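Participant: Mind assembling these two chains? They're in different frames, but the hints should get you there.
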Amino acid sequence: MNCQRVQDNFIDYQDGTLPPDESATLRAHLASCPTCQREWSALQEMTRKLDALPAVEEPSPRLREQFYAMLETHQQEADSVSPFALARSRLDRFFAALLPSTPPLQFAGAVAVLALGLFAGARFLQTPVPTPVPTATTAASKADAERLAKLEQELADQKTLMNDMGSLVAASLLQQKSTSERLQTVLATMDLKSPDRRVLTDLVGALALDPSVNVRLSAVEALAQHADEEVVRQGLLASLPRESSPLVQVAMIELLTSVRETAAAPLFEQLSRDEAADKTVRDSARRGLAVLRTPSPTDTLNNNNPSNPNVS
Amino acid sequence: MSLATVTQFRVPSDAAPASLPDAVDAANDHELMIAVRAGEVRKLGDLFERHHRPLYGFFVRLTNQPSVSEDLVQIVFYRILKYRHTYRDEGKFSAWIYHLARKVAADHFRKHARTPTPADPADFHDEPDHAAAPDSQAGTSDDLALMRRALARLPEDHREVLVLSRLQHLNHQEIAKLLDCSVGAVKVRAHRALKELREVYFKIRKEQAA
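Chains as they are written, first to last, in numbering that gives the first Met the number 0: chain A, 0 to 311; chain B, 0 to 209.
Hints were generated in silico from the structure; no laboratory data involved. Remember, it's a predicted structure, so these values are computed and weren't measured experimentally. You may find that some hints are simply not true.
What the hints assert, rightly or not - Below, simulated BS3-like cross-link-like pairs (lysine-lysine); rule was C-alpha separation at most 25 Å, straight line: (1) B:Lys91 to B:Lys42; (2) A:Lys48 to B:Lys202; (3) B:Lys205 to A:Lys48; (4) A:Lys48 to B:Lys42.
Okay, chain B solo, but in the shape it has when bound (with noise of 0.2 Å):
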């Protein structure tokens, strides 16, 4: 590997932006949640069909549970409706329902503390894919598949900020007001998650190996 392409490869981190809404729908998200305060409930719909997908993405990447995610998701968007009156005017839509989403998927974490995150690829509902992945992309399935049970062992708080920044393209402003701390901060836990991925994925390939 020369140096200039280890030097200049760079992975855009805004690469993705289909499931970030953007400023347009953002201020739409903002209208829509005011008229459901408002007691306009049925508004609610839309921002479900907008926001329900990137949620569930969150909690299956946190969970490895995708019938749990489902329910987790039910729950975040039934809060909304709870707490509804506690919106607030200056408040950012996709901010507030990652931070009920954190809370929820928080309070699953502790409910079910004894029960390890699921991490054989046999635990996926995706495993069928796996198996019908034409050969010349075997290679890279099963690496995808060492991924997905790195990421499943690391520590809930360095997963959530390698999801967060990596999977869900939330930016480090936006995870730092989340996690309630500082941008360096962010900044230190996201190098400090990427780099015990790492030392997870090469054990479990090595175990995989032997």
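Bound conformation, chain A alone (with noise of 0.2 Å):
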């Protein structure tokens, strides 16, 4: 056997720690080998004087003194609970009494508060016009319907403004925009009953600067149902030496023959002897000269008067 490995085992087999069959070759390898023996009587000794050290003296009593003082003072700490400590074991005492303490309990709290806020939020916001509750006369309902009439008030402001908008709206519109979107512009200004000053001034600027033809056109026709208004009548007035487009102009001439503008006659028979003019428009206004120059029964009480022209 290894010396080596043999003296590996003396601790073991000093503390009488190693296994019978290997305490039994350990003797049998010291019997033979004495550098092991030397190493093992080596171990022994020194083993047998530590041993032999006596125990050490008792500690001073200041030792003792020491400890019992630190002791006490760590007693009073532990003792006097600070005002802090205090306050949140206080604090999460009540807590802790107004919460379930056993976790079946806590779950149900939990599932009762879920179902509370579903049927809350299936409630409340599926009808944001609460509706009378018999139960209504608390001081919730009451501040309720005071908060619900002032959004009423509100929103008829608000319709209002919108009228007002929309006719800025459309005829802010004539200025820009698409064709398609200024005609629609135009014809929505019809369905207005007493437009405003603005509105027919915007209507007389499209009939006068729009480049689109059938905008113009449109304007002429929505400017029928005002002609009785001065604006309207000054408009077309201005217009039509400006108008290329024969549609255009026969609906103008049109419309202040039917309306009996006799300031027109000069442009009427201006146009009549126009030889570059279309020959619809030159017949239409000798048309409307003959009529204007035929004096009408209602003209003497009312100018303004738009009878049939046929009439006489």
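Facilitator: And the structure:
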């Protein structure tokens, strides 16, 4: 057996923890190996000397005194709980008393809160206008009613504002946007029972300046309902000499004729003689001129009366 | 020396269990420490009475400085109070107290790395005992002084394993747990420490003889 391995087992052998078969092997080796014998006896000797060291003397009384002094200060610290910790523990106890302590109850509580939330959500989110509930004479429902009245008032305000805005927007749309949108706006003004001056001005503006024939034509049509307005007549008179489209020219001439605008006579005469103008325009102008020169029975009473030109 | 005396002589490692609390005491220790942890700080007094002597012995063996050792014992008990919340339910109190003691000793050695461990018998406060020893024990007394000096010259880790196993009577499993290594490693270290102790011992004896 290897001497090193034998010596590695010395400590266990010394402690008596080496298995019996290995102990036998070790003893057999020791009997035949002087080196290991010396090593073993040296180990034994040192162990014996170590164990023979007398127990350390008693510590001085100072140790005990110091220890108990320290212990006393710690006990006092442990006894005197800080006010913060006290407040916190009270708070903890308060909430602990409020809330369920056992897991099943805690779970039940959580489920109950969830159910309540779902119920409340389903009830109040689907009926934004609270229907009068039989039990609605509470302060909360009163507040709701007040809030509702306020909301309705606001809604009405918004509506009137929208009307004003609508005409404004309609007017402003005339100046920009696409042809179809302008057309739509002009047509929309026809629905207005009593358009304000601004709308009429814009329509006249459209008649005079809009690049689209269709828009100008529609404008004439829209203005026909308000031809008794001075603004409209002046606008028509001003636009007619500059109008290039025969269709619009004819429509304007017919409108002016129908309202018996005598101020249009020189214009009609000029157009009927204009060689460059379209034949239908010239014909229309001549017809209109004839109508205007024929005095209507009502002319003396009301110049603005749009009577039938065929009456004569 | 006959072979028989060499091979059959055994030094029983469990010869002096005086400083080792038995199983009942260990359970009692544990209960006391649980009470201390719960806030009954005064119960640490019982643990102090039971453990301060072996703990003091451990520090004296390691440092050879009795008054320093008293301070170190005090530090260990202070740390027990300070860290009482970290004491675990399954923990063994004696293992825990040695664990703390080792850390305290390590802190001490780190702080005083420059000052060597006093090895001269004149440094010991039990020196008067030495002079008062009867003539018949004079040889043995010299031998003990020599042994103390040899032990003091060992490196700390070797001295520690010898103190724990031979003087504090901890078994190899307990030491392994304390040193956080295997039982085999503890045995190897103990064996090496004994060999080194012997070398140092004979070296000192030679120096004295010269």
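Participant: Next step is simple, just say for each hint if it's right about the structure.
Facilitator: Hint check results:
no. : hint                : verdict
1   : B:Lys91 to B:Lys42  : holds, 17 Å
2   : A:Lys48 to B:Lys202 : holds, 16 Å
3   : B:Lys205 to A:Lys48 : holds, 17 Å
4   : A:Lys48 to B:Lys42  : violated, 38 Å
Hint compliance for this structure: hint 4 alone is broken.
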